[in-house]
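Student: Heads up: the protein sequence lines correspond to chains A and B, in order.
Residue numbers for the first sequence follow my numbering, so the first one is 2 and each next one is one higher.
Residue numbers for the second sequence follow my numbering, so the first one is 15 and each next one is one higher.
For the record, the hints were derived by calculation from the structure and aren't laboratory data.
All values reported here derive from a predicted model rather than from experimental measurement.
Ideal Cβ positions, reconstructed from N, Cα and C, are used throughout, including at glycine.
Just so you know, not all the hints are guaranteed correct.
As the list claims (entries may be wrong) - Rough simulated footprint, nothing fancy, chain B against chain A, three-plus residues with beta-carbon under 8 Å:
#: 1; region: 8 to 22
#: 2; region: 90 to 99
#: 3; region: 121 to 127
#: 4; region: 171 to 185
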Amino acid sequence: MSNALSTDAVLDDFRHYLEATDFAHLTAQQPEDLTTLFTDLAGLKNEVKSQSRQFKATLDSLEQAVSTLTEDNQALRQALEDVKTQATRHAETIERSVLAEILDFYDRLDEAYQALSHYRPVNRLFRHSKPQDVTFIERLKQGQEITRRRFLEWLQKNHITPIDCLGQPFDANTMRTLAVGHDAKQDHGTVLAVMRSGFRHHDQVLRLAEVKVNKL
Amino acid sequence: MNDIIIGIDLGTTNSEVAWVENGQASVITDQGKKILPSVVGVDDQGNILIGETARNQYLLYPERTVKSIKRLMGQDTQVNMAGKMYQPQEISAMILKRLKAIAEQHLGHSVSKAVITVPAYFSDAQRQATREAGEIAGLDVVRMINEPTAAALVYGAGQTEAKRMLVYDLGGGTFDVSVVNIQDGVVEVLSSHGDNHLGGDDFDQQIINHIASHVKTEYGLNIAGDTKAMARITRAAERAKIELSNQPFVRIEEEYLTEQDGNPVHLSLELARSDYETLIEHFIDATLDAVHIALQGAQLTATDIDDIILVGGSTRTPCIRERLFDQFGFEPHGEVDPDLCVALGAATQAAMIQGISVDTVLVDVTPYTYGTSALGYLDGEMSPYRFVPIIHKNSVLPTRHSEAFQTVYDGQETVIIKIFQGEDPDALNNIEIGAFTVENLKDVPAGNTITLTLELDLNGLLKVSAREKATGLEKTVTIDNAIARFEQEQLSDARQRVSDLFGEAAADESEATAPESERIKAARLAIAKAESLFDQVTLEDREDLSDMIETLTDLIAHDDEAALVEPLEQLNDMLYYLDH
Chain A
2 MSNALSTDAV LDDFRHYLEA TDFAHLTAQQ PEDLTTLFTD LAGLKNEVKS
52 QSRQFKATLD SLEQAVSTLT EDNQALRQAL EDVKTQATRH AETIERSVLA
102 EILDFYDRLD EAYQALSHYR PVNRLFRHSK PQDVTFIERL KQGQEITRRR
152 FLEWLQKNHI TPIDCLGQPF DANTMRTLAV GHDAKQDHGT VLAVMRSGFR
202 HHDQVLRLAE VKVNKL
Chain B
15 MNDIIIGIDL GTTNSEVAWV ENGQASVITD QGKKILPSVV GVDDQGNILI
65 GETARNQYLL YPERTVKSIK RLMGQDTQVN MAGKMYQPQE ISAMILKRLK
115 AIAEQHLGHS VSKAVITVPA YFSDAQRQAT REAGEIAGLD VVRMINEPTA
165 AALVYGAGQT EAKRMLVYDL GGGTFDVSVV NIQDGVVEVL SSHGDNHLGG
215 DDFDQQIINH IASHVKTEYG LNIAGDTKAM ARITRAAERA KIELSNQPFV
265 RIEEEYLTEQ DGNPVHLSLE LARSDYETLI EHFIDATLDA VHIALQGAQL
315 TATDIDDIIL VGGSTRTPCI RERLFDQFGF EPHGEVDPDL CVALGAATQA
365 AMIQGISVDT VLVDVTPYTY GTSALGYLDG EMSPYRFVPI IHKNSVLPTR
415 HSEAFQTVYD GQETVIIKIF QGEDPDALNN IEIGAFTVEN LKDVPAGNTI
465 TLTLELDLNG LLKVSAREKA TGLEKTVTID NAIARFEQEQ LSDARQRVSD
515 LFGEAAADES EATAPESERI KAARLAIAKA ESLFDQVTLE DREDLSDMIE
565 TLTDLIAHDD EAALVEPLEQ LNDMLYYLDH
């Protein structure tokens, strides 16, 4: 109501103003009909009203669009995070299996080196190994040792470190007992032999060490 | 969220925990590992060890380590662990507690309810003991379901029509077969049979014995006493078993296996899949006998079975799938990881109890069998068109399988290889999807081995390669779209049949499904908009609009795109004025 009253008051003021003002210079050639003017004004007012309504509707739908977009964005971000986590996990699994296969080659290199280390030239009264054969095998062993060392260095550069077991107390987190032995000179639970080396990748166990443990 | 129910497969050798997230069942991992060995132990400091760590110390401290406790469930007995006596359910509770902790760690909140699976043959006492184990572990066992029920749910939770399934469960150390009926998510076990001491470990043992006897023949060496060498042989045997799942031969090589009189002993031995299958044949026969006993128990025959589900890691052995196919005449399902299937089923049941809908586990599988033709018996007669499947239907993609073939006559220099899609034993009844020739084979007597490898990826790309084993001569061809192309062919066949029945109408419809141009889409949009304005405009405008709509519809029907431009523009102008 107050709104309507104030509109009337404004219109009254405006009417007085129009009556009191001399518009002669404006209407000199073509005097304007007040009714037409007011009709036009009312039309304009309606136009403004409908425009503002449209603006409001547009604003509302924009707001809605923004909230939908924000929700979508959040869902997408979450999905992206999930995919990222999955991808990282997948990559880690693949990395571990590749590294485990590489370790298999290291094992064989190591076995070959051990076999060469066990070589003893024949040294009996009437039979001797040929000196050149002995030298050849010695050099072969040296070569194998270098390759094995370089392999270990490469592993270490890639954060793969051997688990220290021999002479250490058995640790179920990093070792698996494959055999038990009896050595009264050693403490119970001491690792007597490493049957397959274990490795850590960073701080995680990549492969368990397989060991022979002293049991008293 | 706090009353989430987890699903647990409490196995004899291994256990797993799973849950349903966003409608998908998945196994919860612990440091990347999905499987927890069902082993419990006590360490030097008196701490409880569960899983791998306990298994690691088993040989050193058998007196303080317990495994396979499931075999003792329900018995009035106690086991000694580190000088203390425990009931079987207490040991099982320790495993359950660990699984609960793994789930809680993953979910980030406490868990107090679970569905636990038990073998179908478990007695009331055994079930009660399992329930008690859950209670001791702080878990309310909301339901205990049979293992075959869980497996059937993974494959048929959404099944509305009644289906009879045969669940063939071959684990590391146990074998069970069950006949179940599934309808509307309710599974009923009709019969069950099994062998508590038969499993994949026996298969490994056969290969180990084979290798040991090879070493004995080759070097006169008894390797069984050499723990280190035996550990390597055991690993090699397991690897060979896995590789033989998709290739016809495997080379088992362990250089510097051991030493004999100061000399290194190397192992290098080829094992053919056919030889391996002979080694394990009697085990497979035993499982098939059990299958028939289970069928008899349910008073059914092979023809009454709608589906076969493979559960347990050892079912990856191809001859199991083949023998079942021979007996039942259709391909078994094994696409959901057979090691995790039961746990996933437990999680599915848990979700169903909570009222959460569960989607079928999504796995990309090949819908067809792919293979080649070879000389063989077809209905008792020799035929060159006997179909030899290589990649079986329902195989998880991507997949790669090889099969060995032999030349049939002396000095055979060429082989023609045809690739077929289908399941009919007569290759000519299947669809030929490619053919090629391998030339310049070695001039040798009949029996020259050719290995044919089929590799199918997720995009339906089928790579076929044939390789002469003796020389390494290889020829490869790639067949694009091996999965989709023939679906389309079938689709157009179907369309043809339908249009034959209905005449023109169906043909029109198939045309309408062709992709539309942007302009036609725009015209349809404008028409829809014009129609929606009908009620708001004057009679005069309405008439104009309907004229325009008519013109446009005619032009669209005649696919006259060029003529569309002008009337479309006019209609859009009209719409603009009417709308503003």
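Student: Against this structure, judge whether each hint is valid.
Tutor: Okay, the hints, checked on the actual structure:
no. : hint       : result
1   : 8 to 22    : violated (count 0)
2   : 90 to 99   : holds (count 4)
3   : 121 to 127 : violated (count 1)
4   : 171 to 185 : holds (count 9)
In summary, the numbered hints that this structure violates are 1, 3.
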